[in-house]
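Just so you know, the sequences run in chain order C and W. Residue 146 is where the first sequence starts when you use our numbering, and the numbers rise one by one after that. Residue 146 is where the second sequence starts when you use our numbering, and the numbers rise one by one after that.
To be clear, the hints were calculated from the coordinates, so they are not data collected in a lab. Some hints here could point you the wrong way.
Because identical chains share one entry, a pair is satisfied inside a single copy or across any pair of copies.
[Unchecked claim] Straight-line alpha carbon distances no greater than 25 Å define the calculated SDA-like cross-link-like pairs of lysine to any residue that follow:
#1 Lys504 <-> Asp410
#2 Lys414 <-> Asn202
#3 Lys504 <-> Arg148
#4 Lys464 <-> Asn405
#5 Lys187 <-> Leu463
#6 Lys188 <-> Glu465
#7 Lys378 <-> Gln185
#8 Lys352 <-> Glu263
#9 Lys363 <-> His253
#10 Lys242 <-> Lys411
All of these numbers come straight from a predicted model, not from anything done at the bench.
Listed below, chain by chain, are the residues.
2 protein chains.
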Amino acid sequence: MSRAQVFFTAGPAELYPKFEEYLQAFVEQQIGSISHRSGQFKKIYQHTDEQLRILMNIPSENAIMFTGSASEIWEKLILSTVEHESFHLVNGSFSEKFYQYAQMLQKHTNVLKKPLGEGFVYSEVEVPEFAELICTTQNETSTGVQMREADIHKLKRSNNNKILAVDMVSSAPIPELDFTVIDTAFFSVQKSFGMPAGLGVWIANEKCLEKANILKSKGKSLGAHHDLPTLWKNAKEYQNPATPNVMGIYILGKIAEDMNKTGIDKIRKETEEKAKKLYKYFEQKSGYSPAVENQNLRSKTVAVINTERPSAEIIQKLKEQNMIVGAGYGSGKDTQIRISNFIANSPEQIDNLIKEFEKF
Amino acid sequence: MSRAQVFFTAGPAELYPKFEEYLQAFVEQQIGSISHRSGQFKKIYQHTDEQLRILMNIPSENAIMFTGSASEIWEKLILSTVEHESFHLVNGSFSEKFYQYAQMLQKHTNVLKKPLGEGFVYSEVEVPEFAELICTTQNETSTGVQMREADIHKLKRSNNNKILAVDMVSSAPIPELDFTVIDTAFFSVQKSFGMPAGLGVWIANEKCLEKANILKSKGKSLGAHHDLPTLWKNAKEYQNPATPNVMGIYILGKIAEDMNKTGIDKIRKETEEKAKKLYKYFEQKSGYSPAVENQNLRSKTVAVINTERPSAEIIQKLKEQNMIVGAGYGSGKDTQIRISNFIANSPEQIDNLIKEFEKF
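With the hints as constraints, model all of the structure from the sequences given.
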């Protein structure tokens, strides 16, 4: 089925090309009615689990768990792994929200802040001595700044006694994270997986579980809903403690399987090529410039572009051509546009978008 | 589209007859890709909000908020409205879980317990003096016991200084609750609304919000994700703090609108007639009996039936006829069956099910 509009938005975003096909299968097999305690559901969970492990190279010891959103995971992660202190790298609205969650949970929060559009490299990050959890945001959706995988891995290696968390909400499965190094990561499905919103995915290792159990044994409350030990125990049996978003879990498995057929290396290469093309184009296009100056820190999945013309004008002109591009976030609303470069955004779509800019 | 199997399960359940039609509209309008901050999304939220208000007679002062599940609401409700003490009416697995959530959140919990299959009437309930929140379960899905609306209303009227919460997960919108009397109620959509799981709906009045704000001003943590004041503020602008299940909100609005076209009185009457037919049948059918002895306390939406034959045999025989019936819950697994009587279970379906039992 061809879609009237093409979405280059940072999420909810363009749906995966085969989304409708998998949705149809979901309807035809009446999966919306099956019991979440049935063997049929367990097989669906297991399939999604296995395909994600292949796609993102996740070790079998780790648990893959499902929640209602990635924001929910911010809360559950902090509750389950921080007794006193957390540490946050903040350079935009979403890393800021992660940080605020820890404050609302009344943890002692430490923060290293960077101006919007800037990012973090390993050598400048000094982790406070008593921080238990290091919170990184691999892809800051609001500013289009990435943290490179190598920097994340180094940060963990030099702080091996702490838990390192990676918010990869708007970049998974593109970053090549080493899950034998990092402790936990999470994402939502309405970004690079090209699905409707309503499902968060949480990957965690045994170190996180051990920490949660220590907190529990000390009498700390980990919350009541979706605490790590309960989610973990259920996940190991391909179950969720409450009724989960069965449709989301089913379709995610189908999409991950399809991505595995293509091969993650090929997908990553294509994403990189599309990103390079986009940035290169806006570097030379008069009236435009990539918002992130440091090329190494430019996001591969969400390109933020400064515009001389008011962003609303550009967005409107593209909309007339059925191309939906997002405004900048927060203070960048009028002076920036955000262009998604997700897996569902094909090379042809990116080319067509550039052609449209050429007409301006 | 005709469906191969008919589900009489307590949720996930038979999907609403027009579910596929609304899903198709969701796909065609590309609603899975729209921004949850857009005017288009706000209109969707507003439509669902308005239709639910009509359907369930919810006053305009109340907020209608969306979460990932009803279980999540147990947690958020307790965190936002209980400083020290909660009180729980427990007579089955789900009211028990609500109670356990309060324990996990380290509240001082008071409980009145009844054996499985029994229920609560107003006159026997004594509410502890210092309880701040009274937790009732209108429909105990595990045992098929209901609490009558009049008893719930009386309980609130005689405890006007406390917040009264109604878990109506597997009965909404059938109970005729007076939302000018009770303070808060919640449900999930995979039961009587006939939708796939992944969306919880929380209705609360200003008294709940005031209590949450008092707790906040005292420096108590309400959690970080989906705390009541943040959800409330967003809901009043038809927004959600995080990206919600947009598909669920859209389809729920369509289904509520369709129910309003039929009229809630007619729907309630039909539900009651189907329930009567079911119970009457199993009262006279040899080898079977309604599990709840007190006729007044028998659930209208989930009938639990004692069986002399092992329940698995019955379930298997029905499955061969493409009728899916659930086993009893917990200790009733082998000796009971559970039959949903949701809105999506048409009178014809109920008749056909009874005809099948006649062949045994």
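Comparing the hints with the structure gives:
Proximity of Lys504 and Asp410 under a CA criterion of 25 Å is satisfied in neither setting, with 34 Å inside one chain copy and 59 Å between copies. With identical chains, the CA atoms of Lys414 and Asn202 are at most 25 Å apart within one copy only, with a shortest distance of 17 Å there and 55 Å across copies. In the homo-oligomer, the alpha carbons of Lys504 and Arg148 lie at most 25 Å apart inside one protomer (23 Å), although the nearest pairing across protomers, at 50 Å, exceeds that limit. Taking the shortest alpha-carbon separations for Lys464 and Asn405, neither the intra-copy value of 33 Å nor the inter-copy value of 35 Å comes in at or below 25 Å.
Taking the closest pair of Cα atoms, Lys187 and Leu463 come within 25 Å of each other only across two copies (22 Å); inside a single copy the shortest separation is 44 Å, beyond that limit. For the homomeric pair Lys188 and Glu465, the shortest alpha-carbon distance between copies (21 Å) is at most 25 Å, but the shortest distance inside one copy (44 Å) is not. Taking identical chains as interchangeable, the C-alpha atoms of Lys378 and Gln185 lie at most 25 Å apart only when both belong to the same chain, with a minimum of 19 Å there against 40 Å between chains. Within a single copy, Lys352 and Glu263 get their C-alpha atoms no closer than 31 Å, and across copies no closer than 44 Å, so neither meets the 25 Å cut-off.
Taking identical chains as interchangeable, the C-alpha atoms of Lys363 and His253 lie at most 25 Å apart whether they share a chain (18 Å) or sit on different chains (18 Å). Taking identical chains as interchangeable, the C-alpha atoms of Lys242 and Lys411 are never at most 25 Å apart, the minima being 33 Å within one chain and 46 Å between chains.
Going down the numbered hints, you'll see the structure goes against 1, 4, 8, 10, while the others check out.
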